[in-house]
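Take these sequences, add in the hints, and give me the full structure.
2 protein chains.
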Amino acid sequence: MKSAPNLVLALCTAALAAPAAAQFAKAEDAIKYRQSALTVLGTHFAHLGAMADGKIAYDAPAAAANADVVLLASRLPWHAFGPGTDKGRETAARPEIWQQPDKFRERSQAMQAQVADALVPAARSGNLDQLKAAFGPTARSCKACHDDFRRKR
Amino acid sequence: MKSAPNLVLALCTAALAAPAAAQFAKAEDAIKYRQSALTVLGTHFAHLGAMADGKIAYDAPAAAANADVVLLASRLPWHAFGPGTDKGRETAARPEIWQQPDKFRERSQAMQAQVADALVPAARSGNLDQLKAAFGPTARSCKACHDDFRRKR
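One line per chain: the protein sequences are F and B, in this order.
Each step along the first sequence adds one to the number in my numbering, with nothing skipped, and position 19 is 19.
Each step along the second sequence adds one to the number in my numbering, with nothing skipped, and position 129 is 1129.
Calculated directly from the structure, the hints in this document are not laboratory data.
Glycine residues also receive a C-beta, built at the ideal position from the N, C-alpha and C atoms.
Warning: the hint list may mix true and false statements.
Below 27 Å or equal to it, Euclidean Cα-Cα: the simulated DSSO-like pairs (lysine-lysine) are [as the list claims (entries may be wrong)]:
{"id": "1", "chain 1": "B", "residue 1": "1132", "chain 2": "F", "residue 2": "132"}
{"id": "2", "chain 1": "B", "residue 1": "1143", "chain 2": "F", "residue 2": "26"}
{"id": "3", "chain 1": "B", "residue 1": "1055", "chain 2": "B", "residue 2": "1103"}
{"id": "4", "chain 1": "B", "residue 1": "1087", "chain 2": "F", "residue 2": "143"}
{"id": "5", "chain 1": "B", "residue 1": "1152", "chain 2": "F", "residue 2": "26"}
{"id": "6", "chain 1": "F", "residue 1": "87", "chain 2": "F", "residue 2": "132"}
{"id": "7", "chain 1": "F", "residue 1": "55", "chain 2": "B", "residue 2": "1026"}
{"id": "8", "chain 1": "F", "residue 1": "143", "chain 2": "F", "residue 2": "55"}
{"id": "9", "chain 1": "F", "residue 1": "26", "chain 2": "B", "residue 2": "1132"}
{"id": "10", "chain 1": "F", "residue 1": "55", "chain 2": "F", "residue 2": "103"}
{"id": "11", "chain 1": "B", "residue 1": "1026", "chain 2": "F", "residue 2": "152"}
{"id": "12", "chain 1": "B", "residue 1": "1055", "chain 2": "F", "residue 2": "26"}
{"id": "13", "chain 1": "F", "residue 1": "143", "chain 2": "F", "residue 2": "87"}
To list a few chain B residues with every Cβ distance to chain F over 12 Å, as calculated [unchecked claim]:
{"id": "14", "residue": "1077"}
{"id": "15", "residue": "1087"}
{"id": "16", "residue": "1095"}
{"id": "17", "residue": "1113"}
{"id": "18", "residue": "1140"}
{"id": "19", "residue": "1143"}
{"id": "20", "residue": "1144"}
{"id": "21", "residue": "1151"}
Facing chain F, from chain B, some residues (calculated, C-beta under 10 Å) [claimed, not checked]:
{"id": "22", "residue": "1033"}
{"id": "23", "residue": "1056"}
{"id": "24", "residue": "1128"}
So, in structure tokens, the structure goes:
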């Protein structure tokens, strides 16, 4: 693994870029699913943040594994924001998601690109400074979407 | 990708087998996280089941992508069943999880092995009959754990 991380990353990225469609019988199911994917994403991203901030010890294999989960989870929620899924279960999704779909898509894609192109390579590098450098911009790519499209809690 | 699915699978499996630790400040967070991982797992597994049952059209790339998500998600929930996470948020987890940890671990590992060794290769084969053959035993490996360790809803 350690001898060819970039190859592995490229292959896994290609494998996971295939459409991972999941269909939903009810809006409630779509909302629960996207919240779940984002919870998984946020949990593993926060773990990387704790390493970047020195709150927990840096562990290179764990950083890489957490980034793998972030990478996959970053691709999952979006198809669950379909028409009619603005209600049906408690949700922090703002109406702007469906009013400004191009902007929402652009923000979600910017985050996914930041994860794939910066965070994952940094996490796989085995170098804490690289992880630190990539974490902040990735966190800002999350926030850029939350600021406009997620209700304040 | 299609030329070397087993290589990709092996590499991804190795990559994802690394400890993807996520730590939890509160039992509530651990419960929410494991429920989220299991919701993601269940959603993508159900999508494979719909293909296996003929309820939706068989789509080989989508089957492979769904199985990739199942594979990763199958490894996530278990570290979130730590001591003290039997309460703190509504949960279907039964006390037997902490009373019979070896049995619980054995059941979870049997499911993970079934996913990695049977479901994923079948889903990546591009052959619906292989997917059908692998789906039932995998579903039974889920049920074997639910029967003893999950509260009836």
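Against the structure, the hints:
no.: 1; hint: 1132/B <-> 132/F; result: violated, 45 Å
no.: 2; hint: 1143/B <-> 26/F; result: holds, 24 Å
no.: 3; hint: 1055/B <-> 1103/B; result: violated, 34 Å
no.: 4; hint: 1087/B <-> 143/F; result: violated, 31 Å
no.: 5; hint: 1152/B <-> 26/F; result: holds, 22 Å
no.: 6; hint: 87/F <-> 132/F; result: violated, 38 Å
no.: 7; hint: 55/F <-> 1026/B; result: holds, 16 Å
no.: 8; hint: 143/F <-> 55/F; result: holds, 21 Å
no.: 9; hint: 26/F <-> 1132/B; result: holds, 25 Å
no.: 10; hint: 55/F <-> 103/F; result: violated, 34 Å
no.: 11; hint: 1026/B <-> 152/F; result: holds, 22 Å
no.: 12; hint: 1055/B <-> 26/F; result: holds, 16 Å
no.: 13; hint: 143/F <-> 87/F; result: holds, 23 Å
no.: 14; hint: 1077; result: violated, 10 Å
no.: 15; hint: 1087; result: holds, 19 Å
no.: 16; hint: 1095; result: holds, 24 Å
no.: 17; hint: 1113; result: holds, 19 Å
no.: 18; hint: 1140; result: holds, 22 Å
no.: 19; hint: 1143; result: holds, 20 Å
no.: 20; hint: 1144; result: holds, 23 Å
no.: 21; hint: 1151; result: holds, 18 Å
no.: 22; hint: 1033; result: holds, 5 Å
no.: 23; hint: 1056; result: holds, 7 Å
no.: 24; hint: 1128; result: violated, 16 Å
In this structure, the hints that do not hold are numbers 1, 3, 4, 6, 10, 14 and 24, in rising order.
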